[in-house]
Amino acid sequence: DEFKPFELYDVPDFHRIASPEGFISICGFGSLLSERSARSTFPNLNNFRVGKLKGFKRVFAHVAPIFFERGIAKPETKEISSLSVEPCEGEELVVTVFEIQEAEVPSFI
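Using this note's numbering, the letters of the sequence shown map in sequence onto residues 1 to 109.
Bear in mind the hints are in silico, worked out from the structure with no lab data behind them.
A few of these clues could be false.
Below, computed lysine-lysine pairings styled on PhoX-like, alpha-carbon distance capped at 25 Å [what the hints assert, rightly or not]:
| # | residue 1 | residue 2 |
| --- | --- | --- |
| 1 | K4 | K57 |
| 2 | K78 | K57 |
| 3 | K74 | K4 |
| 4 | K78 | K4 |
Cβ pair distances, simulated, as ranges [to be verified]:
| # | residue 1 | residue 2 | range |
| --- | --- | --- | --- |
| 5 | I109 | N47 | 31 to 37 Å |
| 6 | E7 | C88 | 29 to 35 Å |
| 7 | K4 | L83 | 35 to 41 Å |
Each residue gets a CB set at the ideal place from its N, CA and C atoms; glycine is no exception.
With the hints as constraints, model all of the structure from the sequences given.
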């Protein structure tokens, strides 16, 4: 079933969601809300725009080792979590949406 959710574990998995032109849509909900930040991560992104994601909310839920690696974690104040989203009926959030080439995926996973 093409609409059944599935996990993206490796590069070949992304081929299943690429457009016929070879693009993959990315949805940003944290730092990727900023076009400048999105372009620092995905320099060749296309069609940056704002969207709305219904049925989800933002949560700081996961300890992110990269915060310790980069020296930005603050264990004394427990600022060590990264932002994610989780399903929540009746909620919605502002996101950004943009496309990258499928060939760029290996650089980011």
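Hint by hint, where does the structure go against what was stated? Just the numbers, ascending. Violated: hints 3, 4, 5, 6 and 7.
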